[in-house]
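> Please take these sequences and the hints and turn them into a complete structure.
Residues 1 to 554, numbered by this note's numbering, are exactly what the sequence shown covers, in order.
These are calculated hints, taken from the structure and not from any lab test.
Hints should not be assumed to be uniformly reliable.
What the hints assert, rightly or not - Calculated pairs, SDA-like style, for lysine to any residue (alpha carbon to alpha carbon, straight line, at most 20 Å):
| no. | residue 1 | residue 2 |
| --- | --- | --- |
| 1 | K164 | V297 |
| 2 | K141 | K497 |
| 3 | K58 | G86 |
| 4 | K343 | Q554 |
| 5 | K62 | T40 |
| 6 | K142 | A238 |
| 7 | K343 | G137 |
| 8 | K414 | S368 |
| 9 | K239 | Y73 |
| 10 | K38 | N82 |
| 11 | K141 | N316 |
| 12 | K142 | A131 |
| 13 | K497 | Q554 |
| 14 | K343 | G407 |
| 15 | K141 | V328 |
| 16 | K239 | T136 |
| 17 | K94 | R261 |
| 18 | K401 | Q258 |
| 19 | K58 | N82 |
| 20 | K99 | V39 |
| 21 | K343 | A238 |
| 22 | K239 | A215 |
| 23 | K46 | T95 |
| 24 | K99 | F126 |
| 25 | K239 | V74 |
| 26 | K142 | Y73 |
What the hints assert, rightly or not - Ranges of calculated distance between the beta carbons of each label pair, as one might list FRET restraints:
| no. | residue 1 | residue 2 | range |
| --- | --- | --- | --- |
| 27 | S160 | D501 | 50 to 60 Å |
| 28 | S160 | V197 | 16 to 26 Å |
| 29 | P51 | S85 | 54 to 64 Å |
Think of the CB as a built atom: it goes at the ideal place given N, C-alpha and C, for glycine as much as any other residue.
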Amino acid sequence: MNKKIIIKIVSLFAILLMTGCQKDDFTFGSLDAPSNLKVTFDIVGKTADTPFGDGSGKVNFKATADNVISYKYVYSDGGTDNAPSGITEKRFNKTGINKYTVTVIAYGKGGVTTNITTELEVFSDFRDDQAVQFLTGGTSKKWYWAASEAAHLGVGPNDSNEEKNWIPDYYKAAPFEKAASPTSSCLYENVLTFSLVGEQLKFELDNGGATFFNASFESVGGGSSGSDACLPYNTGGAKTVLLGPSESVVMKNPNHAQQTRGTMLNFSDGGFMGYYIGQSSYEILSITENRMTVRAVMGGNSTLAWYHTFTTTPPNQNPPTADYTNLVWSDEFNTDGAPDASKWVYDLGNGDNGWGNSEKQNYTNSASNVIVQGGNLKITAKKEASGGFNYSSSRLKSEGKYDFTYGKVEIRAKLPTGGGTWPAIWMLGANYATNAWPSCGEIDIMEHVGNSQNLIHGTLHYPGHSGGNGNTGSKTIPNVSTEFHVYKTIWSPAAVKIYVDDELIHSVANDASLPFNKDFFLILNVAMGGNFGGNIDAAFTQSSMEIDYVRVYQ
Numbered sequence: 001m002n003k004k005i006i007i008k009i010v011s012l013f014a015i016l017l018m019t020g021c022q023k024d025d026f027t028f029g030s031l032d033a034p035s036n037l038k039v040t041f042d043i044v045g046k047t048a049d050t051p052f053g054d055g056s057g058k059v060n061f062k063a064t065a066d067n068v069i070s071y072k073y074v075y076s077d078g079g080t081d082n083a084p085s086g087i088t089e090k091r092f093n094k095t096g097i098n099k100y101t102v103t104v105i106a107y108g109k110g111g112v113t114t115n116i117t118t119e120l121e122v123f124s125d126f127r128d129d130q131a132v133q134f135l136t137g138g139t140s141k142k143w144y145w146a147a148s149e150a151a152h153l154g155v156g157p158n159d160s161n162e163e164k165n166w167i168p169d170y171y172k173a174a175p176f177e178k179a180a181s182p183t184s185s186c187l188y189e190n191v192l193t194f195s196l197v198g199e200q201l202k203f204e205l206d207n208g209g210a211t212f213f214n215a216s217f218e219s220v221g222g223g224s225s226g227s228d229a230c231l232p233y234n235t236g237g238a239k240t241v242l243l244g245p246s247e248s249v250v251m252k253n254p255n256h257a258q259q260t261r262g263t264m265l266n267f268s269d270g271g272f273m274g275y276y277i278g279q280s281s282y283e284i285l286s287i288t289e290n291r292m293t294v295r296a297v298m299g300g301n302s303t304l305a306w307y308h309t310f311t312t313t314p315p316n317q318n319p320p321t322a323d324y325t326n327l328v329w330s331d332e333f334n335t336d337g338a339p340d341a342s343k344w345v346y347d348l349g350n351g352d353n354g355w356g357n358s359e360k361q362n363y364t365n366s367a368s369n370v371i372v373q374g375g376n377l378k379i380t381a382k383k384e385a386s387g388g389f390n391y392s393s394s395r396l397k398s399e400g401k402y403d404f405t406y407g408k409v410e411i412r413a414k415l416p417t418g419g420g421t422w423p424a425i426w427m428l429g430a431n432y433a434t435n436a437w438p439s440c441g442e443i444d445i446m447e448h449v450g451n452s453q454n455l456i457h458g459t460l461h462y463p464g465h466s467g468g469n470g471n472t473g474s475k476t477i478p479n480v481s482t483e484f485h486v487y488k489t490i491w492s493p494a495a496v497k498i499y500v501d502d503e504l505i506h507s508v509a510n511d512a513s514l515p516f517n518k519d520f521f522l523i524l525n526v527a528m529g530g531n532f533g534g535n536i537d538a539a540f541t542q543s544s545m546e547i548d549y550v551r552v553y554q
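What follows is the structure, given as C-alpha cells:
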C-alpha cells in the first residue's frame with residue numbers, strides 16, 4: 001500500500017478519535033460554575049452579653065448556591081470539612097477570642113468551583129497544655145505502637161453500656177499479634193510524630209510505605225481481599241491537629257473522670273493514627289510522657305469504637321540484654337518540707353475508697369504522716385483516730401508525674417518496726433483504670449511485715465498470680481529497721497529481677513504474654529495490719545519508713 005495512503009488513513013482515524021472525545025464532554029451537560037454562593041453562620045451561645053459565643057467555640061454554618069453538587073469548608077486554623085448539604089458544625093479550639101477566616105468552596109459539574117470567604121470571631125475556653133506537652137515534649141516526639149502490650153489494638157461497643165463502652169470488650173490484640181503475617185505486620189512500622197510549631201500542634205505519620213487497612217476501607221488503598229490488609233498508601237505531609245473537649249458516650253458515664261481524659265485529637269486532611277478505620281478524630285483516654293491510649297469511633301459504623309495504645313519505645317520482639325546506667329529520674333529528698341509536688345501525688349483515704357487488703361490505716365497528706373526532713377523522706381504510721389480508722393499513715397505515688405517502661409530502680413531505705421506494720425516499695429501498671437488489677441500488673445520491689453522482722457519479700461502479681469498466689473521470693477536481711485539498705489529491681493523485656501544490696505532475691509522471666517512491657521509508676525507506703533500485715537501489736541504507737549533516695553536508670 002502507498003505510504004501516503006497509510007498516513008491519510010491514520011490521520012483520519014485520529015480525527016475521528018478526537019471528535020469522539022469532544023462529543024463525550026457533552027455528557028457533563030453545561031459546565032457552569034456554581035452561582036449565587038452564600039454562607040451564613042451562627043456562633044453557639046452568642047448573645048448581647050456574649051457576642052463571641054459561650055466558650056464552646058462552636059459555630060454552625062450553612063452554605064447555599066445554584067448549580068452545586070457539594071461544598072467544602074476550609075478554615076484558617078488548618079481544619080477542613082466536606083459538607084455535601086452545605087451544612088456543618090465547626091468547633092474552634094484556640095483559647096481566647098480569635099479571628100478566623102473561613103473559605104467555602106462550591107463544586108459544580110465537571111469539578112468547576114466557586115468560592116467565597118468570610119471572617120468571624122469566636123471565643124473558646126478549652127485547652128489541654130499538659131496533653132500537648134506529653135505529645136511533643138515541648139518540641140517534637142515520636143510514638144510507636146505498644147506492640148508488646150496486650151490490647152495495644154482492640155475494639156469494643158460504642159453504645160449506652162457504661163460498663164463496656166470505654167474498653168475493647170470485643171477484641172484485644174495479643175502482644176505482637178500483627179507481626180505474625182505480612183498482611184498485618186506493617187502496623188508496627190508506624191512512626192507517629194507530634195510536633196509543636198509555634199502554637200500549632202502538627203502530626204506526621206511515617207507508615208514505611210504501607211498502611212494496615214480495616215477491611216471496610218481497603219478499597220481506599222486499592223484492596224479487594226475482604227480482609228484487613230497492608231496496602232501501599234501515601235501518608236506523607238504534616239497534618240494540623242486541633243484539640244477539643246470530648247462529647248463521646250464515655251463522657252456520659254458516671255465514672256468518666258477515671259475512664260477518659262476527655263480531650264479529642266482532630267486531624268486535618270484525613271490524618272489518622274496508623275490503622276485506617278475511616279476516622280480522623282481520636283479521644284485521649286490516658287496519656288503520660290511515654291504512654292498513650294486513644295479511642296476512635298469507626299467510620300461508617302458508629303456502633304464500634306477502636307482502641308490504640310502507643311509508647312515512645314520502638315517495638316522490638318527480640319530486645320538486647322538490658323544495661324541501665326543512665327540516671328533519668330530521681331528524688332534525693334534534700335529539701336525539707338512536703339514531698340516534691342512535681343514528682344509525687346497522694347493516695348488519700350482508706351479501704352472504703354476501693355483499695356486495701358482489710359488494712360487498718362487511713363492515708364493522709366499530713367506532715368505528721370509524710371515529710372522530707374534531714375535528707376530523708378519519712379512516712380510514718382501512727383496509732384490515732386483518722387478517717388474513721390484507728391491508724392493514720394501515707395501513700396505517695398509518681399502516677400501522672402513519672403510513668404516509665406523498663407529500667408533499673410534503686411531505693412535506699414530503712415524500714416519501720418512493730419507488729420502489724422507493712423511497708424512497701426512497689427510499682428503498678430499505669431493502665432490499671434482501664435485494665436483492672438491484676439491484669440495491669442504489679443511489681444513489689446520490697447515488702448516487709450513487722451510480725452516477720454528482717455524477712456524481705458519481692459513479688460510480681462499478674463493474672464493467675466494475684467493476692468496470696470503472687471509469684472514471690474523472700475530472703476532474711478539483717479538489720480532492715482536499724483540500717484539503710486538498697487532495694488532494687490532491674491526490669492527489662494527479658495526479666496524482672498529483685499535485689500537487696502545487690503543480692504538477688506527473686507527473678508521472673510518476662511515475655512510478651514505478661515503485663516510487664518508497658519508503663520508503670522512508683523508507690524511508697526506504710527500500711528497497718530490487713531491480710532499480709534497481720535495482727536497489730538497493741539503497744540504500737542508509731543514508726544517510720546525512711547527513704548534516702550529514689551533513682552531510676554534507663
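> All the hints need checking, so say for each whether the structure fits it.
Results for each hint:
no.: 1; hint: K164 to V297; result: 14 Å, holds
no.: 2; hint: K141 to K497; result: 30 Å, violated
no.: 3; hint: K58 to G86; result: 17 Å, holds
no.: 4; hint: K343 to Q554; result: 18 Å, holds
no.: 5; hint: K62 to T40; result: 5 Å, holds
no.: 6; hint: K142 to A238; result: 14 Å, holds
no.: 7; hint: K343 to G137; result: 17 Å, holds
no.: 8; hint: K414 to S368; result: 18 Å, holds
no.: 9; hint: K239 to Y73; result: 16 Å, holds
no.: 10; hint: K38 to N82; result: 16 Å, holds
no.: 11; hint: K141 to N316; result: 19 Å, holds
no.: 12; hint: K142 to A131; result: 14 Å, holds
no.: 13; hint: K497 to Q554; result: 15 Å, holds
no.: 14; hint: K343 to G407; result: 18 Å, holds
no.: 15; hint: K141 to V328; result: 17 Å, holds
no.: 16; hint: K239 to T136; result: 14 Å, holds
no.: 17; hint: K94 to R261; result: 18 Å, holds
no.: 18; hint: K401 to Q258; result: 17 Å, holds
no.: 19; hint: K58 to N82; result: 17 Å, holds
no.: 20; hint: K99 to V39; result: 17 Å, holds
no.: 21; hint: K343 to A238; result: 34 Å, violated
no.: 22; hint: K239 to A215; result: 24 Å, violated
no.: 23; hint: K46 to T95; result: 17 Å, holds
no.: 24; hint: K99 to F126; result: 16 Å, holds
no.: 25; hint: K239 to V74; result: 14 Å, holds
no.: 26; hint: K142 to Y73; result: 31 Å, violated
no.: 27; hint: S160 to D501: 50 to 60 Å; result: 55 Å, holds
no.: 28; hint: S160 to V197: 16 to 26 Å; result: 40 Å, violated
no.: 29; hint: P51 to S85: 54 to 64 Å; result: 28 Å, violated
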